[in-house]
Structures are given as C-alpha cells and as structure tokens.
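> Residues per chain are reported as follows:
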Amino acid sequence: MLSSSVWRGASHWWFSTGLVLGGLTTAVGAVALGSLLLRPLLAHVVEVVAVALVLAVVLLNEIGLITLRLPQNARQVPEVIRDDGPRYGALQFGFEMGTGLRTYMTSGLPHVLLAGVLLAASLPEAALAGLAFGAGRALMTLTRHAHPIDADWDAALLSTEKVLRTVLTIGFVALLAVVLTH
Amino acid sequence: MMSGARTQLTHPLTPALVLGGAGVGTAAAVWAGRLPVLVAWVVLALSAGYAISGSV
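Taken in sequence, the protein lines are chains F and L. If you count by this note's numbering, then the first sequence holds residues 1 to 182, one letter each, in order. If you count by this note's numbering, then the second sequence holds residues 1001 to 1056, one letter each, in order.
You may find that some hints are simply not true.
[Claimed, not checked] For the chain L half of the interface with chain F, some residues (derived, Cβ under 7 Å), not all of them:
id: 1; residue: Pro1012
id: 2; residue: Leu1013
id: 3; residue: Leu1017
id: 4; residue: Gly1033
id: 5; residue: Leu1035
id: 6; residue: Pro1036
id: 7; residue: Leu1038
id: 8; residue: Val1042
id: 9; residue: Val1043
id: 10; residue: Ser1047
id: 11; residue: Ala1048
id: 12; residue: Ile1052
These are computed hints drawn from the structure, not numbers from a lab. All C-beta atoms, glycine included, are put in the ideal place defined by N, C-alpha and C.
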C-alpha cells in the first residue's frame, strides 16, 4: 500500500493534512458524544476505571495473554480515492485514515486514547489530542518519505516493531495515568 | 557521514524512542506540576498515532 499513487510527488503533505483533520474530527465527535451521553450518567471514578479497563484489555491482548480482535474497519485504499488524484485523493485517503474509521489497527493504543477522550478529556484537550493523533500518524509518512531508501525503512520497521511498540506503550501508560488523575 | 546521520534520524525507531522518552518525562513533569495536563494529552495522542505506524 505504501507504493500507492497517493504517495507520489507532494501528495504525502496532502495525505498528512488529511490525517490531522481526520484525527481532529473523530476526537471532537468523541468528546461531544461522551459529554452529552455518557458523562452525565457516570461518576468520575467509573470513567477512570472504564478507561483503565480498556487499557488492561489492550495490554493483555498486545502481550498475547488474551486474543481479542479489537473493533476496526480494516480496509484498503478504494480505487475511487486513488482515482481522485494526488491532492484531493491523498487528502481524502488521509482524512479517512486519520479518523481511525478506515484503517488497519496494528496496535490497541488508539482504542485506549478514544476511550480516554470519550470519558475524560475537555474539548480543548480532545481537539489537541485529535490533531496530535493525526500528526503521530503523519510522522511515519514523513519519516519514511525522508528516508533515503524506502525498502530499508520498511525492513527496519519490521525488525524493530516489538521494541518500538514496547517503548511507546511505556510512555503511553505513564501519560494516561497522569491525564486520568488530573 | 551525512547519509548515515540521516538514516539514523529517519529510522522508524527514532520517533518511537523520542516519544517514549517524552512520554515518561512529560508524565513526570505534569505530575510535579511543571507542565499543564494538556501537554500530556498531546504526547499521549502522538504516541497512539505513531503506534499504528505500520498500518498505512
């Protein structure tokens, strides 16, 4: 998929913009949904416990103690988007992936983030988290684009994936503990 | 020399190490009251976004 036409020329910038906008859209939607429907019914301690439970399930799943297929819409880039060209097509593809609603989820951390935004974030926190989620996804695109040899980057990702996820998870858990207790 | 440095800088593990370190550091700083919790949300979401980096 990385050799898709949406990656040619300057399309990675359009794709990255789409990722950031998609992340913002989902986060604002989630915080609105949580604030209007869930939080009025739940005590703060219940919200914290619920997010911690999602984290526990994701961690157990990631280390293989349980096998659970987390909700995801694992779909490839549709032809209609590729046909829309290197700008609008890349923007649309990035937006859909940035929302998290059309992507392969190779990690459960976004599910935990969504639970946190849904139950614990304020509107400014959610908006910034959404933008940052898209930026985190775009970081891969831009890093790979800047790497001298694409195939080497792919091989490096494959060989270091476990370390990469472990390091990210350690930081993620520390941060989640802080945002849930503030 | 330049190419080696660039390769290290754009290695997929480099952003993960930076984000992991920033995660622990930011959590500690927010805990100590030296950074607003907003910063923790940003680093948290950056990490979650980069965690699914192989999925494009």
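> Does each hint hold? Answer for all of them.
Status of each hint after checking the structure:
1. Pro1012: Check passed: Cβ of L:Pro1012 comes within 4 Å of chain F, closer than 7 Å.
2. Leu1013: Holds, about 5 Å.
3. Leu1017: Holds: closest Cβ of chain F sits about 6 Å from L:Leu1017, inside 7 Å.
4. Gly1033: Status violated, d = 10 Å.
5. Leu1035: L:Leu1035 check fails; min Cβ-Cβ to chain F is 9 Å, beyond 7 Å.
6. Pro1036: 9 Å, violated
7. Leu1038: 6 Å, holds
8. Val1042: 5 Å, holds
9. Val1043: Holds. Min distance 6 Å.
10. Ser1047: Check passed: Cβ of L:Ser1047 comes within 5 Å of chain F, closer than 7 Å.
11. Ala1048: 4 Å, holds
12. Ile1052: 5 Å, holds
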